[in-house]
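Visitor: Sequence:
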Amino acid sequence: MSSRLLFRFAANHRQSFGLLKNVQLAFKRASVTATPIKKPLPSLSDGAKQRIGLWLAWSAGMTAGAVVIGGVTRLTESGLSMTNWHWLNDMSPPRTAEAWQEEFERYKRFPEYEQMNRDMTLDEFKKIYYMAFAHRMWGRTTGIIFTLPAFIFWRR
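The sequence shown lines up with residues -19 to 136 when you count with the numbering used here.
Errors might be hidden in some of the hints.
[Said to hold, decoys possible] Using 25 Å as the maximum straight-line C-alpha spacing, the simulated SDA-like pairs for lysine to any residue come out as follows: (1) Lys107 <-> Thr121; (2) Lys88 <-> Ser72; (3) Lys107 <-> Trp134; (4) Lys19 <-> Ile32; (5) Lys107 <-> Pro22.
Source of the hints: derived by calculation from the structure; they are not laboratory data.
Treat the numbers as computed from the prediction; the structure is a model and nothing was measured.
Please work from the sequences and hints to get the whole structure.
Guide: The following block contains the structure:
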């Protein structure tokens, strides 16, 4: 190795080390100049910790359930059987034969029916409708189970 190349290597190495030292110094200064918290976070009682733990466990379980139900919904190709997508409306499936027929007629206008399910009967439609309905209701319930306690815990 030539002396010129060694000099360059040493200079670059020194520069890198100097840069690293500056970064370390900046972090050291930042931690020294950080302002302390004036009001400490409240400590939680054992009961509160248990309630929060249960809430998070239920939320995680409901989310895992939504993933499973969603997967089954997709595997059974039931995803677009519900033609109306409202947040608060349609909280129950059709109740009369006429309402079922009307919902089925709406579904027939969707590309999914045209391309894949042209020979579907009303009874087959009800099966995929209930699968999509269960998935939607599970999602709503999951949202309530997470959001309502989160709001309550936040207010306290």
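Visitor: Work down the list of hints and note, for each, if the structure agrees.
Guide: So, going through the hints one by one against the coordinates:
Distance check on the hinted pair: Lys107 and Thr121 sit about 21 Å apart at the alpha-carbon level, within 25 Å; holds. Restraint check: the Cα-Cα separation between Lys88 and Ser72 comes to about 20 Å, which is no more than 25 Å; the hinted pair holds. A hinted pair counts as satisfied when its Cα atoms are at most 25 Å apart, and Lys107 with Trp134 does not qualify at roughly 41 Å. Restraint check: the Cα-Cα separation between Lys19 and Ile32 comes to about 22 Å, which is no more than 25 Å; the hinted pair holds.
Of the pairs offered as hints, the one joining Lys107 and Pro22 is violated, with about 51 Å between alpha carbons and a cut-off of 25 Å exceeded.
Going through the hint list in order, the structure does not satisfy hints 3 and 5.
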